[in-house]
Amino acid sequence: VPSLTRTVPPASPSAFARVVRAHQDRIYSLAVHLCGDADDAADLAQEAFVRLYERAADFWPSASDGLLRAWLMSTVRRLVIDRHRTRHALRDEAALDAARDDAPSPYEAAEAGHERALAFAALNTLREPYRSLVLLRDVEDLPYADIGAALDLPLSSVKVYLHRARAMLRAAYLRRTRELA
Amino acid sequence: VNSPDLHLPDAALPDERLEAWLDGDLPPDEADAVATRVASDALWAEAADTARHLRRTLAAAPRHTAPPGFADAVLARLHHRPDRAAMPRRARTMPRWLRFAAPVVLAFLVVLATRLPHASTAPSPEEVAEARRQVEYALGLLSNIGAKTGERTAEALAPLAPLDTLGR
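Top to bottom, those sequences are chains A and B. Note that the numbering used here has the first sequence beginning at 1, numbered continuously upward. Note that the numbering used here has the second sequence beginning at 1, numbered continuously upward.
Only chain B is shown next, with the shape it has when bound in the complex:
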C-alpha cells in the first residue's frame, strides 16, 4: 500500500491518528492520508472497525444507578458529623479555643488602657530647660556670624516672653 502522505509510511501501524481521524480532529491532509490507508489496508480497516465498535459498546453500557436511599444515606452522614458538616468550611477557620480567648484578651486590653497614665500635652520643666539650652546655643551661633547680626537677633528676640515661662 502506497500512502500519499509521509506521515503514514507503509509500515505504520494504526495508532492514535486513527482515533483523531474518527473524531474529525485531523487537519485535511492527514485526514486524507488516514482515510486512504483505512480504505486500502486491512489492518487499518480492522482497527477502524474495532474503534467504532468499542465506542458503540461503551456508549451503550448501562449506567449504574445509585441504590435506593442513597440521598438519605448522605444526609445521615451529614447528621452524624455535625462538627464538620454543620457549617461551611470557611466559617470554621477560627479555632474553638480562640473563640473563647478573644473576648478575654480584649477585656484585658481595655482595662490596661484605662489604667495607663495619659500623656500630658504641657512640656515638663526638663523639656523647657532643654529647649532653652538649644535656643541659647542657636543664639550663640548667630552671634558668631556677626555682631550686627547677633545684636539684631537679640533685639528681635527681646520682646518675646522669658524662656522659662514657655509652655506654662
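This is chain A alone, in the form it adopts within the complex:
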C-alpha cells in the first residue's frame, strides 16, 4: 500500500482504519501462524494496531510502509510471547516455542493439504527465532530488511540464521515423513 502512511493523519481514527485494513491480513495471518488459534490471533493482532495508534507520533509522517509492517509484526510476535508467558509462566522465546505444539491445529489441518500440514508441523518444532524467520520469509514473503526489523536482527545475520532455520526445518520434515512411512 504505497505512501498510505505518509498521507494519514495519525490522530484521526477513521483515517487510521485505512491503515488497519491495509495491513490487517498480513498481521493477522502471522498471528495465526504463531499462536495457532484464530480467536487469540484476532485479539492480539487488534492489540498490535491499537499500540500502533498510540505510538502514531513515532511513525507519522515519515515512516515507510515496510517499517510500519515490520513494527506491527514485531509487536504481534511480542504479544504472542507475552500471552503465552502469562498463561504458562514461561519466559520469552520458550513461551513462543510452547505457543504451538508439534501437531497442526485443527484450523490449519482443515485448510491445508497433507503436505502442507506436514510442513507446518515440522515448522512448529523449530525454536525461536528460527520458526519466525521461516514464517516471515517463506510464508509471508517479506524482504530480508523487514525480517531483520521485525525480529530485531542485524541484516547480516538474517540470511545466516535463515539458512540454518531451513536446514533445521528440512531435517524435521524428513524425520516426520520417515516416521509416517
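Hints listed in this document are in silico derivations from the structure and should not be mistaken for laboratory results. It is possible that part of the hints are untrue.
Derived Cβ-Cβ restraints for the label pairs, each shown as a range [said to hold, decoys possible]:
1. 79/B / 180/A: 43 to 51 Å
2. 68/B / 180/A: 34 to 42 Å
3. 42/B / 152/A: 34 to 42 Å
4. 12/A / 28/B: 53 to 61 Å
5. 12/A / 13/B: 54 to 62 Å
6. 12/A / 113/B: 39 to 47 Å
7. 13/B / 58/A: 42 to 50 Å
8. 55/A / 52/B: 34 to 42 Å
9. 156/A / 53/B: 25 to 33 Å
10. 104/B / 160/A: 56 to 64 Å
11. 100/B / 143/A: 48 to 56 Å
12. 80/B / 175/A: 42 to 50 Å
13. 52/B / 152/A: 27 to 35 Å
14. 155/A / 104/B: 51 to 59 Å
Result set (EDC-like, lysine to aspartate or glutamate): computed pairs, CA atoms no more than 16 Å apart in a straight line [stated by the list, open to error]:
15. 159/A / 16/B
16. 159/A / 25/B
17. 159/A / 23/B
18. 159/A / 15/B
19. 159/A / 141/A
For glycine and all other residues, C-beta sits at the position ideal for the given N, C-alpha and C.
Given chain A, put chain B in place with the hints provided.
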C-alpha cells in the same frame, strides 16, 4: 563420492550450505562443491529436493485473512480506551497532577517576587565605611614604599571628593 572441495568431506551431511546454495549465496568455489555433491550423492540430492519442496509448499500456503469487522474492532478498542488512545504517547508525558500544580506554583512565584525588597543600587553607609578603610589601607601600603611616592599619591588623591561622600 569424492568431493573436489575440502569444505565438503565425504561424510558431510547436508547442512545449511545446501540452503545457501539454493539461495545463490555461496561463493563460486563452495557453490561448485555443493552442486557436485547434489549431483552425485543421493542424500544431498534428496535434501535438495526436500528443501525445494518445502519452499514451494510454504509459499503456496494460503494466507489467513482477518475476520470481517477487524478494523472496526480495532477502532472500538481505541474508543473504549480514550485515556490511552486519545492522544499520541509523547503528548502524555506530563502527569495529570502536574498539569494542575504547575499554574499554582507559577502564581506563587509571581506573588513572592513582587513582595521581595528590591536590591538598591546605592551603597549603604557600612559599605562606604568599608571602602574607606580599604582605600586608607592601600594608601598606607603606598606610603611605606617611599615617602615621595606616598606624598605624590596623597597629592594625587587630594582633589578627589571626600571618601564619606562616595555613593551618596
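Evaluation of the provided hints:
no.: 1; hint: 79/B / 180/A: 43 to 51 Å; in the structure: holds, 50 Å
no.: 2; hint: 68/B / 180/A: 34 to 42 Å; in the structure: holds, 37 Å
no.: 3; hint: 42/B / 152/A: 34 to 42 Å; in the structure: holds, 40 Å
no.: 4; hint: 12/A / 28/B: 53 to 61 Å; in the structure: holds, 54 Å
no.: 5; hint: 12/A / 13/B: 54 to 62 Å; in the structure: holds, 57 Å
no.: 6; hint: 12/A / 113/B: 39 to 47 Å; in the structure: holds, 44 Å
no.: 7; hint: 13/B / 58/A: 42 to 50 Å; in the structure: holds, 46 Å
no.: 8; hint: 55/A / 52/B: 34 to 42 Å; in the structure: holds, 41 Å
no.: 9; hint: 156/A / 53/B: 25 to 33 Å; in the structure: holds, 28 Å
no.: 10; hint: 104/B / 160/A: 56 to 64 Å; in the structure: holds, 59 Å
no.: 11; hint: 100/B / 143/A: 48 to 56 Å; in the structure: holds, 49 Å
no.: 12; hint: 80/B / 175/A: 42 to 50 Å; in the structure: holds, 47 Å
no.: 13; hint: 52/B / 152/A: 27 to 35 Å; in the structure: holds, 30 Å
no.: 14; hint: 155/A / 104/B: 51 to 59 Å; in the structure: holds, 52 Å
no.: 15; hint: 159/A / 16/B; in the structure: holds, 11 Å
no.: 16; hint: 159/A / 25/B; in the structure: holds, 9 Å
no.: 17; hint: 159/A / 23/B; in the structure: holds, 9 Å
no.: 18; hint: 159/A / 15/B; in the structure: holds, 14 Å
no.: 19; hint: 159/A / 141/A; in the structure: holds, 14 Å
In summary, the structure agrees with every hint in the numbered list given earlier.
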